[in-house]
Amino acid sequence: MATVIPPPSKKQKRAAQQPKEIEGIPEDLPNVVINFQASDTGDLVGGNIRVPGNATEKQLELLLNELLGSDEPVPFSFSLLKKATDSSNDTLVDITDNIYSSVLKPGHKSTEDHLTLVYTPRAVFKVKPITRSSASISGHGSTILAVQFAPHTSSRMVSGSGDSTARIWDCDTQTPLKTLTGHSNWVLAVSWSPDGKLIATGSMDNTIRIWDAKTGTQVGAPLVGHSKWITSLSWEPFHLLEDGHNTPRLVSSSKDTTVRVWDLERHICQYSMSGHRSSVSCVKWGGLGLIYSTSHDKTIKVWNSKDGRLVNTLSSHAHWVNHLALSTEFALRTGPFDEKGYWEGTTAEYKAKSLERFEKLAKIGGVVSERIVTASDDFTMYLWEPSRSTKPLLRMTGHQKLVNHVAFSPDGRYIASASFDNSIKLWDGRDGKFISTFRGHVAAVYQCAWSSDCRLLVSSSKDTTLKVWDVRTKKLQSDLPGHADEVYAVDWSVDGRRVGSGGKDKTVHGAEKENGAAAPPKENGAGLVPVLLVVEGALKENGVGAGLTLESPVAAGVPNENGAGLALESLVVAVDPNENGVVAPESVLVPLLLALLLEAEKENGLETGAGESLAVASVDDGALKVNGLTGAPDPKSGFVVLSLEVVFAENNEGLEAEVSFPAASAMVADDVVAEAPVAVESVSEPNLMPLAGLHEWSFTELLTAGAENEKGVTGLAADASFVSSAGLVLPKLNGLGLEVDA
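Residue numbers (our numbering): -13 to 728.
Be a bit skeptical, because a hint or two may be false.
[Unchecked claim] Straight-line C-alpha distance at most 30 Å; calculated DSSO-like pairs for lysine-lysine:
{"id": "1", "residue 1": "LYS346", "residue 2": "LYS419"}
{"id": "2", "residue 1": "LYS387", "residue 2": "LYS326"}
{"id": "3", "residue 1": "LYS183", "residue 2": "LYS241"}
{"id": "4", "residue 1": "LYS448", "residue 2": "LYS241"}
{"id": "5", "residue 1": "LYS346", "residue 2": "LYS183"}
{"id": "6", "residue 1": "LYS326", "residue 2": "LYS241"}
Don't read these hints as lab results, they were simulated from the structure.
From a predicted model like this one, the values you see are computed outputs, not experimental measurements.
Can you build the whole structure from these sequences, using the hints too?
Structure, rendered in structure tokens:
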């Protein structure tokens, strides 16, 4: 009888690879002397330190956190600072594995040299991989030429089309929210203001229109002045907004060879900047008060935004210059908002936050600097630092056909270029040196866009596909088919949740991480509501290890890929009726589901848990009070579903399967159907779960009986049953409390 040998687990594969990673490192490799230097300020940390010559990036990270006295470990990337021996600029060499393989073996330095390691904080959040095309949304009557997400949310996206309209899309419900009508020809450019309040559209009818992003109504008359069609739009960075003004200015470029700055408070053209001799293909407003424009006259021009004066002309390309990107573009486009999304603030607060984000990104060695990269029909790219010199830092060659689009990563560390040679190339954003080529498309690549954590890159192509690339492994992460024709435009939302695209097939596509599907209703299961437990957030690697990813909750008794499946026992419900017979269960739904996830992480080194949300609550004839969450529902309103998002850390020591920690107290009225929705603001309660480690419950949503939220979860009647996709069945909600069956 044949013996069946199970395939190795991911942990076993990593262990098998470990000897290969250290193979070739001399056994007698001596220690080296290093010091750490901050990339933004240039300050040295910790003095001279002697470390092993094969010290890994992770070991350097632990050492630096200790030196900085960090309360929470911060992820860092490290680069060797190579001092130039002549008048050229210093260069940086990334340490991608260990000091020996990245620095000593290639000959950048020897063990006798003093090594200065420049450290840069990496994103402390992690964008989940985009794995599926979630929707094909029709509505436009012609080709879609431009798409862009709002700077503060992934639920709103704007598109411009050949049908002379722009549309604002609700990405949650996958429906058109507003149709922006008024242009009489193709809409070629769309741009969302950094504060998210306005949208600008530019058209082949030679006009620009400004729209209220919330209502979809046009703001003021069309901006008229250009004599040919609009090619590009860019907003004034919010931190440059002058005192006493609340609306940033707008700059536009046109085929008529001019660049114009528009005052949107007075609705007039403030400056018309002439100097190019051919069509202006792209314009960007920089964070240092300079405006950059590229043209088919083979030049890049630098303008002063305060008076419209020409500052410099950059000339090196041998053919049309198609596009340019700024190293600080992500911070400028999103203004005061980061991956956490929208927050309410004054203009002054928005300006201060925008300036803080810009300076943090722009500082190199303590000096605020801004680099630009330009792409051309001559198959080349150039990296520039216009505030310091009119000469390029580097000529970047390698593409075999015209380069159509370039994009800096949000941290400015990388550059991606999309070319008609069917490839995307990755370059170092600091010195322009080539890193890798991404091959997979079978036709011209039109555009590319970065995830906000700089780990992933998406590209759109003539071959009808979107492809997501992993920057660290330099490999294809996923293929996103769905379009029926060429894909001209693509964008990635700031929070990393969604990718939006548009093309020749007249449809807008939204792609997102594929979550586990909810359990289907059972027979005679009228009123069943699928509910999914979501655990968001990454565990710290030095605690339980990393590598595996829990994509959905492990059902009780069902083995996961590692063979682990914990038994799910009944949950304890504390029943304490009040004088009206309304029951308040004290420990509902939570303990064993979370214990299941936490224990799996503890045993198998899971890096991330994922899912949706789960909890139950209701109201009596008084105010709703659930651990500090207060509302004032209608006295006749009965059952509501309280959705919870759970974020937890790695310290799970002492956790036992039978542990019971308090969930939201719930008030369940017997046979009462809600008649009115309950509106309650989000409240965060970090102390609801007394486990070792950091845990946070966020009350994010209240849903009345019969109402349906954006995820399709419907409020329950008081006597309804429901089932979770994790396999937990909750049969009856009634006046005697909540009984749980596994």
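Quick rundown of the hints versus the structure:
{"no.": "1", "hint": "LYS346 to LYS419", "verdict": "holds (23 Å)"}
{"no.": "2", "hint": "LYS387 to LYS326", "verdict": "violated (39 Å)"}
{"no.": "3", "hint": "LYS183 to LYS241", "verdict": "holds (28 Å)"}
{"no.": "4", "hint": "LYS448 to LYS241", "verdict": "holds (24 Å)"}
{"no.": "5", "hint": "LYS346 to LYS183", "verdict": "holds (24 Å)"}
{"no.": "6", "hint": "LYS326 to LYS241", "verdict": "violated (38 Å)"}
In this structure, the hints that do not hold are numbers 2 and 6, in rising order.
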